[in-house]
Amino acid sequence: MNKADLLAKTKTELLKTAHRLGLRGVSTLKKEELVDRIHEAQQRSKGAGQAKGLTAIAQRVADAVKRRAVRKRDVTETDEAVAATTARSQPTRTSRRSKPAPVGAEDAVTPADELSAHKFDVTPAPPHPQQVFQEEHLGELPDAYGTGRLFLTARDPHWLYAYWDLSWQQMADYRGQASDGRLLLRVFEKNHGDPIQTLTLGHDSRNWYIPVNKAATSYSAELGFWRHDGQFHVINRSSETATPPDAVSSDTTAKFVTIPIDISFRELFEIIRGHIHDGEALADALHRLQLAGFRFPFKLGLDLGPWTTDQTTELERILGGDLFRRIQMGSFEISEWLRRRMQEELSSGMFSAFSPSGSSWSGAPQNGFWFAVNAELIIYGATEPDAKVTIDGKPVKLRSDGTFSFHYSFPDGQYKLPVVAISAAGDDKREAQLSFERQSRTKGDVGKVKQPVHLKSPAAA
Amino acid sequence: MPQGYVALILHAHLPFVRHPEYEDFLEEDWLYEAITETYIPLIKMMEGLVRDNVDFRLTMSLTPPLCSMLLDPLLQERYIRHITRLIELSEKEIERTKWDRAFHDLAWFYHNRFQEARATFCDSYGRNLVGAFRKFQEMGKLEIITCGATHGFLPLMMEHPEAIRAQIMIARDHYRQCFGCDPRGIWLPECAYAPGIEKFLQEAEIRWFIMDSHGLMFGNPRPRFGIYAPVFTTSGVAAFGRDVESSKQVWSSEEGYPGDVDYRDFYRDVGFDLEYDYIKPYIHPDGIRCFTGMKYYRITGKTTNKEPYNRHWAMEKAASHAGNFMFNREKQVEHLHGIMKRPPLIISPYDAELYGHWWFEGPDFINFFTRKVAFDQNTFRLTTPTEYLREFPTQQITQPSASSWGNKGYWEVWLEGSNSWIYPHLHVAAQRMTELACNYKNGDHLTQRGLKQAARELLLAQSSDWAFIMKTGTMVPYAVKRTKDHILRFTRIYDQIKSHHIDEPWLASIEWRDNIFPDVNYHYYE
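Chains U and W are the protein sequences, given in the same order.
Residues 0 to 460 in numbering that gives the first Met the number 0 are what the first sequence lists, from first letter to last.
Residues 0 to 525 in numbering that gives the first Met the number 0 are what the second sequence lists, from first letter to last.
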């Protein structure tokens, strides 16, 4: 649209165009200034038109890929589908090995084939299945695999968790061999000595949570039973697991090491080859050699200056409180809660399934009862399907049978709506002038709009 | 030289949800909403910072499932359908609200925002948002790190080291494909660390990871600088600890920013507020009301009578909160510097999707914060962990302790009554995968396809997201079904490979469905 065309428009129309173009702060401009701004913006978006053209190509390729994937049987390969195959197969084989071309805004001006060449190079469309199995008849998971394995892990500083993979048949067999018909889980500190706990397993139990006293301690377990000859038969033994510490370490020795991030681990191993001891970890070896004056091809910074107990005390004072009062509901929980639960909460109608206490972020009704009322205005009508209808000057899209309807929010106030229909030939015109007034008076607490009152935010504890 | 450093780290992750077998799939909306509300606003923010010559540093983890979805043509197509529908809704809203000035302006606001999102997605980046983030990494402003291949909970795989190795190496390979270089850092899924995991990171040449505060603080020997400096594990991989104070400041209920009365209310959405027949085309195709993303109200206060959102007020508030956050970091850094006699490092990690999706003004907050840090103070500088290690290569050697960032700090969220049933299956599948990889690596082409798909099914079953959803008590059926389907598909492939009878049409069908990691390298399981 050139400037003359723009100047021919009313200021309201221009403002609308400006909004469409995303121009801000234009409502106070003079008409001429407004035309200039719109003209500029239109020129800019023309420049972007090229990008659109390429996107369209990429889109066509993607469409073809999609059609191809959705079709159950590839009867005829259309040209597009062939094009898509070529565009796809190329990058998966070659461009991945060569250094991939940089992607980003430059995409918009690279040739179309290059564009599609790396657009899909990470996840190409999957090979087209000849059949899509809506129902796979996968069956159910087995109760057990019967490997006999005993798994033990420390869940936190004070709980162990164990499960055992025995089928019902195996469990019954072992029980039959036991002198007292019972299977036992014995827990050991480290992996020797007398068991610190012996648990009798219930008939239907497959796992167990075991409270333990000591953090930062290694535990193991064995599953077995007492034989008739008085010996303990071990079905399986777990590997060792260590409960994590629940306090700061009493070891305050500090070993420092310099490890430049731009030298790869592989190179570092190479540098100290022949000087690292069997089983010695990389950082330990570097530390030892750095203290011993081994010559490294990088600068060492081991002298960090003095450190006093006062400094330690002060740092721990800062950290202490927070550390032992962990945030009950951290950012993690909030976000997980949201992104994974909202949709389902809302769609399943299970609103009340969760309600973390004391939300400050959304209002909840004071007592159980509540009331909200509001009004909307629906203008509807019908005419010849090819006629032109406007409501308040705005064209309305007619349905194929010539009917139309339009929604307006309807706050308190007085409104007038002219509705006009013009025949397709333009030779007949009908008008209706609709007037409305809304006045609301309420008693008690009456809300304006319905809201999901059960929703509460996951406020922190 | 500044007195200290601050590193903002955003963890961007969504589980792999892609259902080509359905025309519409509700859970795919997670991705579409995150694109409109979080990823694009963050990209626009970085564009603005670069345009205005603001020197900034930001670190983001973009997980392999998220990158895979962002690069998937089908999901790209569906995102465009999704945003186009929203644009149409916003057009109707502009008309509907003509007598309601406040809402009318908001309808325009959303209309422009959705248009901008579509233009950014389609025109600026040719649908490739991974490429958008990569651009900022190549400018040296953004550091992108990786995560477990499918966000698997690593400490509960410790008895199957090959499974941990595969989670890390496959993530590394995928990162190379997406970003054309090696990842320097990793966000361990759920920040879950157990001693020994660093050995796998060393093999992948990954130089650092993030952990929760107590994991570092309870390290042995005691870390001299607490969480205000990283430590080296004996493998040479550095561990950085989360700063409690700065995360509390954003998220606590008393002092947290997102609850401010001027910010947008998350819960009021036209998807629920508007008359059913009118809104029906824009909610779930089954006619179930859901969020649309058009939200007209501000938090207002502890009331059900919400007032219209005022964008201008909200921006003022975001700027003032950013100023407050900066001021507090300055004080924190000065104080710590006084004690430590060296520059402290404050690590502030958050879930990326909190910014924008949940806290609508979050990206603006980061934007204001970043600009203020660059121009309004000299106490600290923004950095990334890699840049920090380059400047400070000398650190203490410590063995950090097992920990996660879940509730209570260990494994409880992912190992409790609702979800512990999955582990016997995951463990057997991991062990079987190793068996397959060792015994059939020289198999024919079809067998190798089977091995690859078996690896994909195992990886997808391992996503910690499923256990999390089971624990939180809603949407459980979907998480249970995903876990079962992947395990059962794995088992069927396992049986078919062992019996030398692979059902090719069925295999092709699940290759098409579960298409993550086209070139997955199953040799990592050997």
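Accuracy of the hints is not assured; some may be wrong.
So the derived list for chain W, only partly shown, Cβ under 8 Å to chain U, looks like this [claimed, not checked]:
1. 0
2. 16
3. 102
4. 336
5. 370
6. 371
7. 393
Chain W is nowhere near these chain U residues, computed Cβ spacing over 10 Å in every case [as the list claims (entries may be wrong)]:
8. 7
9. 193
10. 209
11. 228
12. 265
13. 292
14. 293
If you are wondering where the hints come from, they were derived from the structure by calculation, not from laboratory data.
Glycine residues also receive a C-beta, built at the ideal position from the N, C-alpha and C atoms.
> Broken hints, numbered, in rising order?
Replying inline: Hints 1, 2, 4, 5, 6, 12 not satisfied by this model.
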